[in-house]
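Colleague: Sequences listed follow chains W and E, in order.
Residue numbering for the first sequence follows the numbering used here, starting at 5 and increasing by one per position.
Residue numbering for the second sequence follows the numbering used here, starting at 5 and increasing by one per position.
If you are wondering where the hints come from, they were derived from the structure by calculation, not from laboratory data.
Among these hints, one or two may not hold up.
Which copy? The list can't say, so a pair holds if one copy fits it or any two copies do.
With a cut-off of at most 20 Å between alpha-carbon atoms, the simulated SDA-like pairs for lysine to any residue come out as follows [said to hold, decoys possible]:
id: 1; residue 1: K82; residue 2: P211
id: 2; residue 1: K127; residue 2: V272
id: 3; residue 1: K250; residue 2: R129
id: 4; residue 1: K12; residue 2: L40
id: 5; residue 1: K250; residue 2: Q126
id: 6; residue 1: K66; residue 2: A30
id: 7; residue 1: K127; residue 2: K250
id: 8; residue 1: K296; residue 2: T142
id: 9; residue 1: K296; residue 2: G141
id: 10; residue 1: K296; residue 2: G98
id: 11; residue 1: K12; residue 2: G141
id: 12; residue 1: K296; residue 2: G145
id: 13; residue 1: K127; residue 2: P266
id: 14; residue 1: K250; residue 2: S29
id: 15; residue 1: K66; residue 2: K82
id: 16; residue 1: K226; residue 2: G188
The chain contents come next:
Protein chains: 2
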Amino acid sequence: MNGLILSKDARIYLDLSRAQQTNFSAHHASTGAQVLQMSQEQLAQVRWLLAEPALALEALDKLPNLRWLQSTWAGVEKLLAHPRRDYILTNIRGVFAPLISEYVLAHVLAHERQLYAHREAQKNRLWFNHVTGTHVGTLRGKTLLVLGVGSIGAGLAQMMRHFGVRVLGVVQAKRDIFECDVVGTMGDLPEFLPQADYVVNTLPNTPVTQNIINTAFLESMKPSAMFINVGRGQAVVEDDLVRALKNKQIASAVLDVYRTEPLLPQHVFWDTPNLILTSHTAAPSFPTDIFKVFWDNYQRFNAQQTLSHVVDFSKGY
Amino acid sequence: MNGLILSKDARIYLDLSRAQQTNFSAHHASTGAQVLQMSQEQLAQVRWLLAEPALALEALDKLPNLRWLQSTWAGVEKLLAHPRRDYILTNIRGVFAPLISEYVLAHVLAHERQLYAHREAQKNRLWFNHVTGTHVGTLRGKTLLVLGVGSIGAGLAQMMRHFGVRVLGVVQAKRDIFECDVVGTMGDLPEFLPQADYVVNTLPNTPVTQNIINTAFLESMKPSAMFINVGRGQAVVEDDLVRALKNKQIASAVLDVYRTEPLLPQHVFWDTPNLILTSHTAAPSFPTDIFKVFWDNYQRFNAQQTLSHVVDFSKGY
Numbered sequence: 005m006n007g008l009i010l011s012k013d014a015r016i017y018l019d020l021s022r023a024q025q026t027n028f029s030a031h032h033a034s035t036g037a038q039v040l041q042m043s044q045e046q047l048a049q050v051r052w053l054l055a056e057p058a059l060a061l062e063a064l065d066k067l068p069n070l071r072w073l074q075s076t077w078a079g080v081e082k083l084l085a086h087p088r089r090d091y092i093l094t095n096i097r098g099v100f101a102p103l104i105s106e107y108v109l110a111h112v113l114a115h116e117r118q119l120y121a122h123r124e125a126q127k128n129r130l131w132f133n134h135v136t137g138t139h140v141g142t143l144r145g146k147t148l149l150v151l152g153v154g155s156i157g158a159g160l161a162q163m164m165r166h167f168g169v170r171v172l173g174v175v176q177a178k179r180d181i182f183e184c185d186v187v188g189t190m191g192d193l194p195e196f197l198p199q200a201d202y203v204v205n206t207l208p209n210t211p212v213t214q215n216i217i218n219t220a221f222l223e224s225m226k227p228s229a230m231f232i233n234v235g236r237g238q239a240v241v242e243d244d245l246v247r248a249l250k251n252k253q254i255a256s257a258v259l260d261v262y263r264t265e266p267l268l269p270q271h272v273f274w275d276t277p278n279l280i281l282t283s284h285t286a287a288p289s290f291p292t293d294i295f296k297v298f299w300d301n302y303q304r305f306n307a308q309q310t311l312s313h314v315v316d317f318s319k320g321y
Numbered sequence: 005m006n007g008l009i010l011s012k013d014a015r016i017y018l019d020l021s022r023a024q025q026t027n028f029s030a031h032h033a034s035t036g037a038q039v040l041q042m043s044q045e046q047l048a049q050v051r052w053l054l055a056e057p058a059l060a061l062e063a064l065d066k067l068p069n070l071r072w073l074q075s076t077w078a079g080v081e082k083l084l085a086h087p088r089r090d091y092i093l094t095n096i097r098g099v100f101a102p103l104i105s106e107y108v109l110a111h112v113l114a115h116e117r118q119l120y121a122h123r124e125a126q127k128n129r130l131w132f133n134h135v136t137g138t139h140v141g142t143l144r145g146k147t148l149l150v151l152g153v154g155s156i157g158a159g160l161a162q163m164m165r166h167f168g169v170r171v172l173g174v175v176q177a178k179r180d181i182f183e184c185d186v187v188g189t190m191g192d193l194p195e196f197l198p199q200a201d202y203v204v205n206t207l208p209n210t211p212v213t214q215n216i217i218n219t220a221f222l223e224s225m226k227p228s229a230m231f232i233n234v235g236r237g238q239a240v241v242e243d244d245l246v247r248a249l250k251n252k253q254i255a256s257a258v259l260d261v262y263r264t265e266p267l268l269p270q271h272v273f274w275d276t277p278n279l280i281l282t283s284h285t286a287a288p289s290f291p292t293d294i295f296k297v298f299w300d301n302y303q304r305f306n307a308q309q310t311l312s313h314v315v316d317f318s319k320g321y
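This is chain W alone, in the form it adopts within the complex (with noise of 0.2 Å):
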């Protein structure tokens, strides 16, 4: 027993460690109030832990031997920000790509095929072309353009074009990439931007990113454009957003991160026109798939092998 894990989902862990191995045994807790009840004996006993970020952070400091974090989350801000740094810490990598692809895919047709238009005509009573005269649209001969084309914007480039869909690519240093139909930097927005009938940010939050979805980027969209936030919230001002929908500069926004996580109930997100909130579920973390991540390290640490998905404490990912 010199493992716990440290996780809602804990119970699943347990039964999927079990599968692969019958004698495996760990601690293990689905909230922090639980770790307080073990025995200062069992928790001197923990040598790795697999948590989910927030929980993991409850039971950092009760843990003098710990050697080993793998967090279920890709995302580890919490934990970088207590001063701990005797341990390693593992993250998810390489498995959100076809679930990101899925999300982008599903709002994109729910704005072609009207369905929230649907739903208001259905619950009116009302035969939705009687209402609106307006027409269903396909994906088939649209434009996409994917800002960042790491793992994520690859495959979400490659589903889409399954569809008919062109798509540009934005990279930091150009490169051919086989699954765009062309591929530029930064500098090839303003070409790029009118061109766009979808744009998909997926950039990860750095100096870079910052505040790049402003007034000047919105305003070189097409009136008919939809832009989604699949990256960081950081990437988007706030204001610029707005004024945009408010504008019609834009015909709609997807947003599912944002600048400060859970969106606060008073933030004029909430009843922006024709803005669409989810909160930070584009990309569910399946527990099948985190502990595919988990029992590969769990193997290398008890053969004190390197870990895979080691997180950089300085660079912060």
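Following the hints, complete the assembly by docking chain E onto the known chain W.
Modeller: Using the frame of chain W, we list chain E on its own:
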């Protein structure tokens, strides 16, 4: 001027035709009332008609020399109800598979990603997870059952497999279909239905397919499963579906087609729980697609060749 374009999109078809052939000319109208304003001489000139079925029906008795009618729709039931049979009727086929696939994907993703629940949370300024405690799902690993694996069903199957969905197909006579993981007949439904997360009906309306979606069918489905009808309304026993949704025998249903269209304002479907209605908009007819079929047939007509997609008045399709 030996032709008449009678369509809400008449202007578009005229422009597309002129782009193909600069000296193209035809009568055109967008309503039945405009046809009434045409002279007897003009009406007698008309040897071909490109029209929506409902508009064509209004004009059918006024065009003594009609030889060929190109419907802008796939469904020509309205014209089949008219006794006149002394002309060649052609319809639109083969352009709907990608559009139906988009429709099904839009609704399956809206279900997995809980788009409507997110919308409700947003209206209440609530961060989604905090409200419901539920989590969003994914397509990967799910099972789709397709009733009818013609061009539409096969296109849907292929697209869904791209997302890691397993596909069971039901056809009239068992044969290998590369787009499906397993193929069976109606007799295999008791085995197939309990496996399916999504059941999609793409079958046309024939005596064999009427009322197949009934209580026995719905009781065999998983309580977490979703039923989608993009075939014909006659396949569904309406009361049975309403009962299954009210009793939570299945999780949800999405209907695009009905026994009577438009759906009457007093119909029980409008506010049946977990029932999503759209108004026969799954496969919107895009003028450019329809034009391609028309233009090919127009050239064949002028060259006195056999037309494509001829409707057999005796079979009804």
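Colleague: Is the C-alpha distance from K226 to G188 at most 20 Å within one copy, between copies, in both cases, or in neither?
Modeller: Answer is within; shortest intra-copy Cα gap is 19 Å, inter-copy 48 Å.
Colleague: Checking K127 and K250: alpha-carbon separation at most 20 Å within a copy, between copies, both or neither?
Modeller: Answer is between: at 17 Å across copies they meet the 20 Å cutoff, but 25 Å inside does not.
Colleague: My question is about K127 and V272: at a cut-off of 20 Å on alpha-carbon distance, are they close within one copy, between copies, both, or neither?
Modeller: Between copies, since 12 Å is at most 20 Å while 26 Å is not.
Colleague: Should K82 paired with P211 be assigned to within, between, both, or neither, using CA atoms and 20 Å as the limit?
Modeller: within (18 Å within a copy, 63 Å between copies)
Colleague: Is it within a copy, between copies, both, or neither that the alpha carbon of K66 lies no farther than 20 Å from that of K82?
Modeller: within (17 Å within a copy, 76 Å between copies)
Colleague: Check K12 against L40 for me: Cα-Cα at most 20 Å, and say if that holds within a copy, between copies, both or neither.
Modeller: This pair counts as within: shortest intra-copy Cα distance 16 Å, inter-copy 71 Å.
Colleague: At most 20 Å between C-alpha atoms: does K127 with P266 qualify within a copy, between copies, both, or neither?
Modeller: Between. Shortest inter-copy distance 15 Å satisfies the 20 Å Cα cut-off; intra-copy 30 Å does not.
Colleague: Could you figure out if K296 and G141 sit no more than 20 Å apart (CA to CA) within one copy, between two copies, both or neither?
Modeller: So K296 and G141 pass the 20 Å test across copies only (18 Å; inside, 39 Å).
Colleague: Give the relationship of K250 and Q126 under a CA distance limit of 20 Å: within one copy only, between copies only, both, or neither.
Modeller: between (26 Å within a copy, 18 Å between copies)
Colleague: Cα distance capped at 20 Å. Does K250 pair with S29 within a copy, between copies, both, or neither?
Modeller: neither (56 Å within a copy, 44 Å between copies)
Colleague: For K250 vs R129, is the C-alpha pair at or below 20 Å within one copy, between two copies, both, or neither?
Modeller: Classified as between; 19 Å across copies, 29 Å inside a copy.
Colleague: 20 Å Cα cut-off: does K12 pair with G141 within a copy, between copies, both or neither?
Modeller: between (41 Å within a copy, 17 Å between copies)
The earlier numbered hint that this structure contradicts is number 14, and it is the only one.
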